[in-house]
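Following the hints, complete the assembly by docking chain Z onto the known chain F.
So the chains spell out like this:
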Amino acid sequence: MIDFVGKKQWFFLGSAIVIIIMIISLAAFKLQPGIDFSGGTSMTLSFTPQVEQNQLRQELTALGYPEAIVQRSENNFFIRIKEISPEAKEVLISGLETGFDTEILVLDYNAISPVIATHTARNAGIAVLIAAVAMLFYIVWAFRRMPSPFKWGTCAIIALIHDVLIILGIFAILGQVANVEINAMFITAVLTIVGYSINNTVVVFDRIRENRTRGSSPDFAVTVNSSLTETLARSLNTSLTTLCVVLALLLFGGATIHYFVLALLFGLLAGTYSSLCIAGPLLVIWEKKEWSQLFPWLSFPKKAA
Amino acid sequence: MSKRNSYLLIFILALLGLALWSILPVNAKLLGPNGLMLGLDLKGGSQLLYEADLSKKDPSISDAAAMAAVTEKIQRRVNEFGVTEPTIQKLGLDQIVVQLPGVENITRALKLIGETGLLEFREQKFDENGDPVINETTGELVFGNESATAIGKDGQEKALTGQYLKRAERDVDPYEGPIVTFEWDSEGAHLFEQITKRNLEKPLAIYVDNKLISAPVVQSVISDRGQIEGRFTLDEAADLANKLNSGALDVPLTLIDQRDVDASLGADSIRKSMIAAGIGLVLLLVFMLAYYRLLGLVACFSLGVYGVLLLAIFSFFPITLTLPGIAALILSLGMAVDANVLIFERTKEELRAGRTLGAAVETGFNRAWPAIRDSNITTFIACIILFWLGGTFGAFMVRGFALTLFVGVALSMFTAIVVTRTFLRFVVGGRLVTNLAAYGVRV
Numbered sequence: 001m002i003d004f005v006g007k008k009q010w011f012f013l014g015s016a017i018v019i020i021i022m023i024i025s026l027a028a029f030k031l032q033p034g035i036d037f038s039g040g041t042s043m044t045l046s047f048t049p050q051v052e053q054n055q056l057r058q059e060l061t062a063l064g065y066p067e068a069i070v071q072r073s074e075n076n077f078f079i080r081i082k083e084i085s086p087e088a089k090e091v092l093i094s095g096l097e098t099g100f101d102t103e104i105l106v107l108d109y110n111a112i113s114p115v116i117a118t119h120t121a122r123n124a125g126i127a128v129l130i131a132a133v134a135m136l137f138y139i140v141w142a143f144r145r146m147p148s149p150f151k152w153g154t155c156a157i158i159a160l161i162h163d164v165l166i167i168l169g170i171f172a173i174l175g176q177v178a179n180v181e182i183n184a185m186f187i188t189a190v191l192t193i194v195g196y197s198i199n200n201t202v203v204v205f206d207r208i209r210e211n212r213t214r215g216s217s218p219d220f221a222v223t224v225n226s227s228l229t230e231t232l233a234r235s236l237n238t239s240l241t242t243l244c245v246v247l248a249l250l251l252f253g254g255a256t257i258h259y260f261v262l263a264l265l266f267g268l269l270a271g272t273y274s275s276l277c278i279a280g281p282l283l284v285i286w287e288k289k290e291w292s293q294l295f296p297w298l299s300f301p302k303k304a305a
Numbered sequence: 306m307s308k309r310n311s312y313l314l315i316f317i318l319a320l321l322g323l324a325l326w327s328i329l330p331v332n333a334k335l336l337g338p339n340g341l342m343l344g345l346d347l348k349g350g351s352q353l354l355y356e357a358d359l360s361k362k363d364p365s366i367s368d369a370a371a372m373a374a375v376t377e378k379i380q381r382r383v384n385e386f387g388v389t390e391p392t393i394q395k396l397g398l399d400q401i402v403v404q405l406p407g408v409e410n411i412t413r414a415l416k417l418i419g420e421t422g423l424l425e426f427r428e429q430k431f432d433e434n435g436d437p438v439i440n441e442t443t444g445e446l447v448f449g450n451e452s453a454t455a456i457g458k459d460g461q462e463k464a465l466t467g468q469y470l471k472r473a474e475r476d477v478d479p480y481e482g483p484i485v486t487f488e489w490d491s492e493g494a495h496l497f498e499q500i501t502k503r504n505l506e507k508p509l510a511i512y513v514d515n516k517l518i519s520a521p522v523v524q525s526v527i528s529d530r531g532q533i534e535g536r537f538t539l540d541e542a543a544d545l546a547n548k549l550n551s552g553a554l555d556v557p558l559t560l561i562d563q564r565d566v567d568a569s570l571g572a573d574s575i576r577k578s579m580i581a582a583g584i585g586l587v588l589l590l591v592f593m594l595a596y597y598r599l600l601g602l603v604a605c606f607s608l609g610v611y612g613v614l615l616l617a618i619f620s621f622f623p624i625t626l627t628l629p630g631i632a633a634l635i636l637s638l639g640m641a642v643d644a645n646v647l648i649f650e651r652t653k654e655e656l657r658a659g660r661t662l663g664a665a666v667e668t669g670f671n672r673a674w675p676a677i678r679d680s681n682i683t684t685f686i687a688c689i690i691l692f693w694l695g696g697t698f699g700a701f702m703v704r705g706f707a708l709t710l711f712v713g714v715a716l717s718m719f720t721a722i723v724v725t726r727t728f729l730r731f732v733v734g735g736r737l738v739t740n741l742a743a744y745g746v747r748v
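Residue numbers (my numbering), protein chains in the order written: chain F, 1 to 305; chain Z, 306 to 748.
Treat the hints with caution; some may be incorrect.
[As the list claims (entries may be wrong)] Short, incomplete list of chain F residues facing chain Z, as computed with Cβ under 7 angstroms:
hint, residue
1, N54
2, Y109
3, N123
4, A184
5, V194
6, T229
7, A233
8, T242
9, A248
10, G253
11, E287
Worth flagging that the hints you see were computed from the coordinates, not collected in a lab.
Here a beta-carbon is modelled for each residue, glycine too, at the ideal position from N, C-alpha and C.
Chain F with its partners taken away, still in its complex shape (with noise of 0.2 angstroms):
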């Protein structure tokens, strides 16, 4: 039997540590707020004979836009300027045509006014509060006959936040070092991502609602680490082959979803951790009330010497 129990002080301390790097990342970086959320225009474009990103650059800025955002893509290019007129956008490709003596295919295009960017980011944090407030709702009631099913329904959504954090405070950082922006599609893979890590935690407190249900110890502790153990196979093992179709995606699935795809994978293995090594030890904590289990060293710092 392993004791996640007994270790859990290392498992806070280590979140805690990345939570506090993920946080000032993002304080420090922000997300880079992709057209969905900010307005403007984007397009990936294709070019026969294909052409160097410096020249592309220059050529923009030639054309009049000189803050575009140019990224290789495979081996296209992703283009991002300020929001501009249909007419302003013909003008544009064939000034990039006559400019290389290229053919230009669009990929895709998107222009998004500023107003309804704005609508959507609101729209989209409303959405993933709701959500973890229903996930909150939720977990009360399938634990209403638990002593205090608030307890297990905040622990919960602790480990939710948790992996929201890491996942937001990864794409500042990815935000900084490789201009990846979010967009729609982060949201999506976030709320799946609230879905899956709830999903993970109901699992273990199932097994610890049945094995108290059951008397199984009088040790609310040794309940838990008994249920994490007995869940943990079911725990990997879904973790696995859920990472066997996540890995395929990200490696075969293309550049459109490959964001979307890495959001997962890091939630996956988040919410994976969390519900194993954050939810059910803090569950003890709370239901033992032994708070300074929390983070030890903090209280008797001089203890261990």
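Only chain Z this time, still in chain F's reference frame:
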């Protein structure tokens, strides 16, 4: 083997047969006789989101009536334009989503759909001395800012606009090239006659959406028909006739969100995700077989049933498949295995505890059920919220993902509880394999 289980097995096989029949023949593009409905991101096309300025509508009609009228007029224009399977929908209070699959010339479509299409005539302006007013910088004649009016049959003064048109058509004039000819209804003819009479030998300006098209000199009094010349291309003349026929939009529209995907990108996405799905599926099956042995084999069969049923549902209803939808399908494969894993782990525990095979399978199912039920409900909640979110800004990609994941998870619960259980009872009850090692349990 119980009688009930035999019935269930027959039911499942019949369902599988029905599903297979509905999705066959599988060929490169289509799945079954109807094929799968592909979203714009997979088959290529444009999605346009328009916002209507309801403050500019005729106050005598309600917001809803104005929006309904605009939606219908856009529908007529798009039908005339010749796009296959377009969809035009009202979104929220003041937005309209237009989906144009496979549209080639999007700039042309944008002009056709979004421009109001208000036809009016304006008379020449004269100063106090009765001389024509001339724009000093351009040297061109100046026309009034108001539409020309005349007295209608009911004695009221009315502006002559496109609303009195019977129909408009593109034509080709040997000298002018492409033109638009039109025919007035009786009220329009009555008004037009008066206007041409008082403007005889004078230029009469033709405006569409406040833009001067041309200002021909009126040669004779005409009533029921006329033509618009404006150095049009064939497409421009056709689109103007189309706009005039559908009628002017009741409120002005602004394009607030445009998303175009080229068909080649869509085809590439389909190809790549098929490869990803294939590889993911093989990895998954190998893992299940290696870890759960015979149970894994049963899971592979029920996953097969799951896949066929899922495709059948998609082609039957039909649910539009988008790229995120495919990702959801592949993800749901991973999640579909979860219910099986939960059941198998429980069954193995019961076997280790020394129960007989039959009893272990039954207890395993009963014990796993609350966890399967409770945990999947959380995914359902997330899907419902995503579906709502996608609807608020016409994000069919987000909706596609949410709907697909919902259907996938719901179906995975069904296959785990009904299909896997029936197969397993068949294997166990039939005493086909009794060696516990085959179930992945070390004895």
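Structure-based check of each hint:
1. Hint status for F:N54 relative to chain Z: violated, with the closest Cβ pair at about 25 angstroms, above 7 angstroms.
2. Here the hint on F:Y109 is kept, as its CB sits about 4 angstroms from the closest CB of chain Z, short of 7 angstroms.
3. At its closest, the beta carbon of F:N123 sits 5 angstroms from a beta carbon of chain Z; the interface hint therefore holds under the 7 angstroms criterion.
4. For F:A184, the interface hint holds, the least distance from its beta-carbon to any beta-carbon of chain Z being 5 angstroms, beneath 7 angstroms.
5. Using the Cβ-Cβ criterion of 7 angstroms, the hint placing F:V194 at the interface with chain Z is satisfied: the shortest such distance is roughly 5 angstroms.
6. Hint status for F:T229 relative to chain Z: violated, with the closest Cβ pair at about 11 angstroms, above 7 angstroms.
7. A distance limit of 7 angstroms between C-beta atoms decides the matter here; for F:A233 the minimum to chain Z is near 5 angstroms, and the interface restraint holds.
8. This hint holds: F:T242 has a C-beta 3 angstroms from the nearest C-beta of chain Z, less than the 7 angstroms allowed.
9. Interface restraint check: F:A248 against chain Z, minimum CB-CB distance 3 angstroms, threshold 7 angstroms, status holds.
10. With 7 angstroms as the threshold, the beta carbon of F:G253 comes within range of chain Z, its nearest partner Cβ sitting at about 4 angstroms, so the hint holds.
11. A cut of 7 angstroms between beta carbons decides the hint on F:E287: the least distance to chain Z is about 20 angstroms, and the hint is violated.
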